[in-house]
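> Sequence:
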Amino acid sequence: MSEWIDVSSIDGLKPGEFEVVESGDTVIAVFNIDGQFHAIEDICTHDGEELTGGPIEGDEIVCPRHGARFCIRTGAALTPPAYDDVSVFPVRVENGRIQVLHRNEQ
Numbered sequence: 001m002s003e004w005i006d007v008s009s010i011d012g013l014k015p016g017e018f019e020v021v022e023s024g025d026t027v028i029a030v031f032n033i034d035g036q037f038h039a040i041e042d043i044c045t046h047d048g049e050e051l052t053g054g055p056i057e058g059d060e061i062v063c064p065r066h067g068a069r070f071c072i073r074t075g076a077a078l079t080p081p082a083y084d085d086v087s088v089f090p091v092r093v094e095n096g097r098i099q100v101l102h103r104n105e106q
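Residue numbers (the working numbering): 1 to 106.
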């Protein structure tokens, strides 16, 4: 089953900022990159800890512990020590609200 999760108003998430939402056991980080919204799972595939809190450089986030880089747009792992991509989620704007689609496994 899939559900759209309300994240923020479009005015509440400025370029370069992010918002974190939870859906069940999944933590999702939604980013505004140059006016476009992107969502990835907020977990480093190297060590299983959160990515948010690390620096955002362009469309990349840098893991705050070991420096692995991930593309916010695609979820691609770009540098070691991470080799596996992070999950990405569809994002839409509906009635001025940013929403992310999460597929719950049942």
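For the record, the hints were derived by calculation from the structure and aren't laboratory data. Among the clues, some could well be false.
The list that follows gives simulated cross-link-like pairs (lysine to aspartate or glutamate, EDC-like), each with its CA atoms no further than 20 Å apart [stated by the list, open to error]: (1) K14 <-> E94; (2) K14 <-> D59; (3) K14 <-> D34; (4) K14 <-> E57; (5) K14 <-> D84.
> Now look at each hint and say whether the structure bears it out.
Now the hints, each set against the structure:
1. K14 <-> E94: 17 Å, holds
2. K14 <-> D59: Answer holds: K14 to D59 is near 14 Å, not above 20 Å.
3. K14 <-> D34: 9 Å, holds
4. K14 <-> E57: The given pair, whose Cα atoms are some 15 Å apart, holds under the 20 Å limit.
5. K14 <-> D84: 29 Å, violated
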